[in-house]
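Engineer: With chain A's structure known, arrange chain B on it following the hints.
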Amino acid sequence: MSKPGKKRGKRQILAGHKRIGKRFVPPMMQIPMRVDTSYANDMLPELIWIGLINERVGYVRGAKIIEKVFLAVDALKEKAQEGNYALMSSFNKLTNDQKTAITETLRKEGVLDIIQNSIAPLVLLYDDCPLTFLGPPTNTYSQEDLTSIIKLCVGKTIDRYDTPGIVLYGAMLLARLVTKTIKFPADMDLPDFNSVIDSPGSEEAKRAAGFMRANGLAEFGMMKVGNAWAKHFWDKSFELSPCEFA
Amino acid sequence: MNSNSYERFDEMLSDFVQGYKDVVVRGFDDRWGKVRQEIYDKHTSETIGALMSRQATLSIEMAAAPTTWNGHVAPLFLRCMVDAYITLAWILADPKERSRKYIEYGLEQEKLFIEFLEEALEEEPDAYDSESIKEMIEVRKGWLNGQLADWATEVNVGSWSGMSAREMAKEIGRESIYKHAYVPFSGAAHNMWQHVGIYNVEPCSNPLHKWHVVPKIRRAPAHPDFMYRSAKYISITYELFDEKMGIDCDIPLPDQYFVEHDLFSGDGADEADNG
Numbered sequence: 003m004s005k006p007g008k009k010r011g012k013r014q015i016l017a018g019h020k021r022i023g024k025r026f027v028p029p030m031m032q033i034p035m036r037v038d039t040s041y042a043n044d045m046l047p048e049l050i051w052i053g054l055i056n057e058r059v060g061y062v063r064g065a066k067i068i069e070k071v072f073l074a075v076d077a078l079k080e081k082a083q084e085g086n087y088a089l090m091s092s093f094n095k096l097t098n099d100q101k102t103a104i105t106e107t108l109r110k111e112g113v114l115d116i117i118q119n120s121i122a123p124l125v126l127l128y129d130d131c132p133l134t135f136l137g138p139p140t141n142t143y144s145q146e147d148l149t150s151i152i153k154l155c156v157g158k159t160i161d162r163y164d165t166p167g168i169v170l171y172g173a174m175l176l177a178r179l180v181t182k183t184i185k186f187p188a189d190m191d192l193p194d195f196n197s198v199i200d201s202p203g204s205e206e207a208k209r210a211a212g213f214m215r216a217n218g219l220a221e222f223g224m225m226k227v228g229n230a231w232a233k234h235f236w237d238k239s240f241e242l243s244p245c246e247f248a
Numbered sequence: 151m152n153s154n155s156y157e158r159f160d161e162m163l164s165d166f167v168q169g170y171k172d173v174v175v176r177g178f179d180d181r182w183g184k185v186r187q188e189i190y191d192k193h194t195s196e197t198i199g200a201l202m203s204r205q206a207t208l209s210i211e212m213a214a215a216p217t218t219w220n221g222h223v224a225p226l227f228l229r230c231m232v233d234a235y236i237t238l239a240w241i242l243a244d245p246k247e248r249s250r251k252y253i254e255y256g257l258e259q260e261k262l263f264i265e266f267l268e269e270a271l272e273e274e275p276d277a278y279d280s281e282s283i284k285e286m287i288e289v290r291k292g293w294l295n296g297q298l299a300d301w302a303t304e305v306n307v308g309s310w311s312g313m314s315a316r317e318m319a320k321e322i323g324r325e326s327i328y329k330h331a332y333v334p335f336s337g338a339a340h341n342m343w344q345h346v347g348i349y350n351v352e353p354c355s356n357p358l359h360k361w362h363v364v365p366k367i368r369r370a371p372a373h374p375d376f377m378y379r380s381a382k383y384i385s386i387t388y389e390l391f392d393e394k395m396g397i398d399c400d401i402p403l404p405d406q407y408f409v410e411h412d413l414f415s416g417d418g419a420d421e422a423d424n425g
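Residue numbers (our numbering), protein chains in the order written: chain A, 3 to 248; chain B, 151 to 425.
Chain A with its partners taken away, still in its complex shape (with noise of 0.2 Å):
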């Protein structure tokens, strides 16, 4: 309650925002060189493929499988082929000759299944998807499986302040980590970014997600990944299944 007899200071509309014309800009759009990023419209269908590793095997082996994912990359590609391979679009760099050994490292370090069985979703209904090299599932799925599988999960991952989506933003992280193509000062109080998983809500959980989203979407913004997956997943999602009400 304010003191008896003090004015409250009157509420300025629009506090904050430049006036360009007719136009009020508001203080985060008034930044220089702003790249527009939308996670639901693009990086989701990029990162999706860890979204559906996540679901069947759980966060923490399913790190350790697109560890192996992206170090197996990492020991094939060419200087040329840089990115970050959280991104699927990123696979579309290699060649067919480095696919077969990718997937061939895959195979022997025993996650090839696990992999396939994870995302037979996207190689099976979408006809572009760029990890199709990976091969078929070894186990059998109705078109109906598949879409209950894939809908489910961009259920879940789609809301980016939830976990299984600030688990696919720090999927972006992870791959600059092991690759060793990102570096912090040895004095930089960074979070603890297991604590998204371990104790999810945490004041601790929500600074590691708040690092995890902004490197996640200043990276994919700078990257500048084309939209043709993206494009061609929503366009192929929106066939699968019939619109739903309440």
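Hints were generated in silico from the structure; no laboratory data involved. Wrong hints could be hidden among the right ones.
Said to hold, decoys possible - Think about it this way: if two alpha-carbon atoms lie no more than 27 Å apart in a straight line, the pair counts; the simulated DSSO-like pairs of lysine-lysine are:
id: 1; chain 1: A; residue 1: Lys233; chain 2: B; residue 2: Lys320
id: 2; chain 1: A; residue 1: Lys12; chain 2: B; residue 2: Lys320
id: 3; chain 1: B; residue 1: Lys320; chain 2: A; residue 2: Lys20
id: 4; chain 1: A; residue 1: Lys158; chain 2: A; residue 2: Lys233
id: 5; chain 1: B; residue 1: Lys360; chain 2: A; residue 2: Lys153
id: 6; chain 1: B; residue 1: Lys366; chain 2: A; residue 2: Lys233
id: 7; chain 1: A; residue 1: Lys81; chain 2: A; residue 2: Lys182
id: 8; chain 1: B; residue 1: Lys366; chain 2: A; residue 2: Lys20
id: 9; chain 1: B; residue 1: Lys360; chain 2: A; residue 2: Lys238
As the list claims (entries may be wrong) - Per label pair, the in silico range of CB-to-CB distance:
id: 10; chain 1: A; residue 1: Met30; chain 2: B; residue 2: Gly323; range: 30 to 40 Å
id: 11; chain 1: A; residue 1: Lys182; chain 2: B; residue 2: Pro365; range: 17 to 27 Å
id: 12; chain 1: B; residue 1: Tyr278; chain 2: A; residue 2: Phe240; range: 16 to 26 Å
id: 13; chain 1: B; residue 1: Gln344; chain 2: A; residue 2: Ser243; range: 43 to 53 Å
id: 14; chain 1: B; residue 1: Lys291; chain 2: A; residue 2: Arg36; range: 49 to 59 Å
id: 15; chain 1: B; residue 1: Gln297; chain 2: A; residue 2: Arg36; range: 34 to 44 Å
id: 16; chain 1: A; residue 1: Phe186; chain 2: B; residue 2: Pro365; range: 42 to 52 Å
id: 17; chain 1: A; residue 1: Lys182; chain 2: B; residue 2: His340; range: 48 to 58 Å
These numbers were taken from a predicted model, which means no experiment stands behind them. We put the beta carbon where it would ideally sit given N, CA and C, even for glycine.
Structural biologist: Showing chain B alone in chain A's frame:
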């Protein structure tokens, strides 16, 4: 609702509509009968009276059509009524000059429309409706020239008052009505996304469809609050008129009639519910 309560509700609604029309019309006639008509500068009385009549008519028509008391249609009435209030209040601050401007602008718009009709007739003289267009031009020219010769009528394609509705509302000390009524109802009147994105779509909950919304012809529930607002706007219009003209009127204001009617007072509503 059983058949008894339905009949009771129907009776109360019918009574409300009839009584509402009566209180609005009597309020208008009583007020208009108490002011001296300006005949030398007749445009002053003509403008003020016509705008008052417009406001009263809109409210009566809305009351007579309870199916319009919903989010699809009611804002169209209400936006128009708020606009009429702001216009009237702004004119009443300088009636002689502003009512002249108001009428002139209307005549200018009429002249422009006649030009459009004549252009259409020239382009397609044998069109199936050319005869009716010719008749329309004659009637409209007669109305225009009866007030100001068309050759003497300028055409202003800007705002009639030279101000925006917000500036007018601010000048009359009613910026709040602009912010809280004119702005939200304008969304519906101009079919903007903030209206159609709620009233004309339904959200799909299939995650594979990225939470899109799909067009839907939806029923919007009727709500008496829309009608109450209409009653409020005609009431503040009458109050404004009383203040500016220095008159008193004993006839209850329409918003008072509304809140006291059985249909909307707690007792009457309960009675209809319980049959």
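Engineer: Now tell me, hint by hint, if it's right for this structure.
Structural biologist: Status of each hint after checking the structure:
no.: 1; hint: A:Lys233 with B:Lys320; in the structure: 48 Å, violated
no.: 2; hint: A:Lys12 with B:Lys320; in the structure: 18 Å, holds
no.: 3; hint: B:Lys320 with A:Lys20; in the structure: 23 Å, holds
no.: 4; hint: A:Lys158 with A:Lys233; in the structure: 20 Å, holds
no.: 5; hint: B:Lys360 with A:Lys153; in the structure: 10 Å, holds
no.: 6; hint: B:Lys366 with A:Lys233; in the structure: 25 Å, holds
no.: 7; hint: A:Lys81 with A:Lys182; in the structure: 15 Å, holds
no.: 8; hint: B:Lys366 with A:Lys20; in the structure: 38 Å, violated
no.: 9; hint: B:Lys360 with A:Lys238; in the structure: 12 Å, holds
no.: 10; hint: A:Met30 with B:Gly323: 30 to 40 Å; in the structure: 36 Å, holds
no.: 11; hint: A:Lys182 with B:Pro365: 17 to 27 Å; in the structure: 51 Å, violated
no.: 12; hint: B:Tyr278 with A:Phe240: 16 to 26 Å; in the structure: 44 Å, violated
no.: 13; hint: B:Gln344 with A:Ser243: 43 to 53 Å; in the structure: 30 Å, violated
no.: 14; hint: B:Lys291 with A:Arg36: 49 to 59 Å; in the structure: 57 Å, holds
no.: 15; hint: B:Gln297 with A:Arg36: 34 to 44 Å; in the structure: 56 Å, violated
no.: 16; hint: A:Phe186 with B:Pro365: 42 to 52 Å; in the structure: 49 Å, holds
no.: 17; hint: A:Lys182 with B:His340: 48 to 58 Å; in the structure: 56 Å, holds
Checked against the numbered hints above, the structure breaks hints 1, 8, 11, 12, 13 and 15 and satisfies the rest.
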